[in-house]
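Participant: Let chain R serve as the given structure and place chain E on it in line with the hints.
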Amino acid sequence: MDEGSDRPVTAPLVRFEGVTRRFDDQAAVDAVSLDIAEGEFFALLGPSGCGKTTLMRLLAGFEAPDAGRILLAGEDIAGLPPHRRPVHMMFQSYALFPHLSVAKNIAFGLRQRKMVGDEVAARVDEMLALVRLEGLGGRRPDQLSGGQQQRVALARAIAPKPKILLLDEPMAALDRKLREETQLELMALQRRLGMTFMIVTHDQDEAMVVADRMAVMRAGKIEQIGPPREVYDHPVNRYVAGFIGETNLFPQGEAWRAVRPEAMTLSETPHSGALAAQVAEIAYFGDRTRYVVKANGQTLLISRANVGPPLGVAVGDKVWVSHPLDAGVTVSA
Amino acid sequence: MKRAWLAALAPYLWLAVFFAFPFLLVAKLSLSHTVLAMPPYAPRLDLSQGQAGIRAFVHQLSFETYARMATDRLYVSAFLSSLSFAGVATAILLIVGYPIAYGMSRFGLGARQGLLLAVILPFWTSFLIRIYAWIAILKPAGLLNQALAWLHIAPLNLLNTPAAVILGLVYAYLPFMVLPLFAVLEKQDESLIEAARDLGCTATGAFWKVTFPLSLPGVAAGALLCFIPMVGEFVIPDLLGGSHTLMLGRTIWTEFFADRDWPAASAVAIVLLATLAIPIALFQRQQAKVLS
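Those protein sequences? They're chains R and E, same order as listed.
Under my numbering, think of the first position of the first sequence as 48, with each following residue one higher.
Under my numbering, think of the first position of the second sequence as 1386, with each following residue one higher.
Looking at chain R on its own, in the form it has when it is part of the complex (with noise of 0.2 Å):
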């Protein structure tokens, strides 16, 4: 990978600078060093238990590094507590105070800060226009639809206005059409403010959907860091080109070649180059249809976009299936 494209061009906002954090000698994070520039959308994705928490939570100020340095604004924030970093989070539980009033939860950071009554009430007026939620501020947080709890935990996280908002599974807890909704207005409202975000997913279309830049994290270690779309058709090995997105991968030498199932073409009628395959599975999406077909013991995936006359194929059917040289990408083992 090209060493330009993972380092902002102007001084980041957020630097860590191989930082490694163990818990009983296992390192969550391994040595990271990651740059996050000023108005960025940044995500972290990882499967669970790859760190990527514990990265946010070592900014938050939740945990210390036990190696390297964290450098916000170009300040090493090591000695700061949770409560003096000019950073915050919106939890994954969204962690909204039970016994406080809408208002009041969203009032809570902003009064540590030792903002006074009318600037206070002015402020999370603001915030509760910003996520629709006029009116409500009266209400406790069990009054709430989860939908509506996740923005008060929007709203309370962003109203003190950090440096950069720090986003953990903050759609988790969504029903699928409500989180890809959200995710939209989260853009939205992260480009209206200008406001720094860090989001952490296990959710790799959340990721690309939301992110300007992404890190795949695996173990403790940042596998590959750049755009979405980056990653996607460049992959730099096979764990990332596995775990953005659906993938073949045909043995090529020491390496591997990844095709996506989009670039594959299936046919029901032999031809120069195409491998033998038997239909195993035919899920049907709508705008395109999924193909699982067996190929030398080999499973491949094909999608196919339903554009045209459909395909006269059946499951147990024999087909053949390429795909044009140059698709797909060499990773590594």
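Check the hints yourself; a few may be wrong.
So the derived list for chain R, only partly shown, Cβ under 10 Å to chain E, looks like this [what the hints assert, rightly or not]:
#, residue
1, Ala-125
2, Pro-129
3, Arg-131
4, Ala-142
5, Pro-145
6, Ser-148
7, Gly-164
8, Arg-203
9, Lys-268
It should be emphasised that the hints constitute simulated quantities derived from the structure, not laboratory data.
We put the CB at the ideal spot given by N, CA and C, even for glycine.
Facilitator: Frame of chain R, contents of chain E only:
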């Protein structure tokens, strides 16, 4: 069908036999007057005379004992001193019990189980023996004064003082304060504290703004669970407080056994129950709220 009906009735039957009936007996006794006889009160219900007997019986009942209690300083001060002993002990229990429960709730699951066992462990020995042990500690030549003498500190005369009663109450009721507090503190979501810290609270600030207000149901449950039985406590003031400590439990005992004034003893018991009905009702409401 019939069995379900019986099952629904069972708790009421239990209450009728073990609560309502004894309560009515005591209420009736409190409206009687003393006589030199066996049993030492009158009137007695003579059912052999039928309706006339009942009418004569009801006619002789009076609130005279209650009137006497209201004017007799001894009863009034026993009543007030019981409330203040229980009140002071409850306050100390909160101050002592809260840090214990809080500390326990911060430990890992395994350590928490062990600590919980340690809180319950005293119940494995007789309550009476444990209070007698305090006599051995507090008496003039007891363990406490031996230790003080060894440290060259002037001895303390604690036994048979109000301080000894408070000490005994706090000691005996501590688990009843710690357990409900622990129950609410243990359930508390750690991320709430982190959210408070994240939004600018110091560790102390987060405790007072989040942990403590959210533990108030436990505070209320613990305080009422201790206060209610302590007001009527008999054994601890009797053994540790000496003869001059006035508490309602002791007053009932004295009236009943020493003075053979059964109506007075019953009237004190009824007044005690009526007074405690208020905190008991509060406790019930609190529990209902916690459960909902």
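Participant: Double-check Ala-125/R for me: the hint is only fine if its C-beta lies closer than 10 Å to a C-beta in chain E.
Facilitator: 17 Å, violated
Participant: Minimum Cβ distance from Arg-203/R to chain E below 10 Å?
Facilitator: Arg-203/R check passes; min Cβ-Cβ to chain E is 7 Å, inside 10 Å.
Participant: How about Arg-131/R: closest beta carbon in chain E under 10 Å, or not?
Facilitator: Status holds, d = 8 Å.
Participant: Pro-129/R was flagged as interface toward chain E. Is the shortest Cβ-Cβ separation under 10 Å?
Facilitator: Status holds, d = 4 Å.
Participant: Does Ser-148/R meet its interface restraint, that is, does its C-beta lie within less than 10 Å of any C-beta in chain E?
Facilitator: Violated, because the Cβ-Cβ distance from Ser-148/R to chain E comes to roughly 13 Å (cut-off 10 Å).
Participant: Quick check on Ala-142/R please, does its C-beta sit within 10 Å of some C-beta on chain E?
Facilitator: Holds, because the Cβ-Cβ distance from Ala-142/R to chain E comes to roughly 4 Å (cut-off 10 Å).
Participant: May I ask you to test the interface hint for Lys-268/R with respect to chain E, counting a Cβ-Cβ separation under 10 Å as satisfied?
Facilitator: At 26 Å from the nearest chain E Cβ, Lys-268/R fails the 10 Å test, so the hint is violated.
Participant: Gly-164/R was flagged as interface toward chain E. Is the shortest Cβ-Cβ separation under 10 Å?
Facilitator: 17 Å, violated
Participant: Classify the hint on Pro-145/R as holds or violated, based on whether any CB of chain E lies nearer than 10 Å to its CB.
Facilitator: Holds. Min distance 7 Å.
Checked against the numbered hints listed earlier, the structure breaks hints 1, 6, 7 and 9; every other hint is satisfied.
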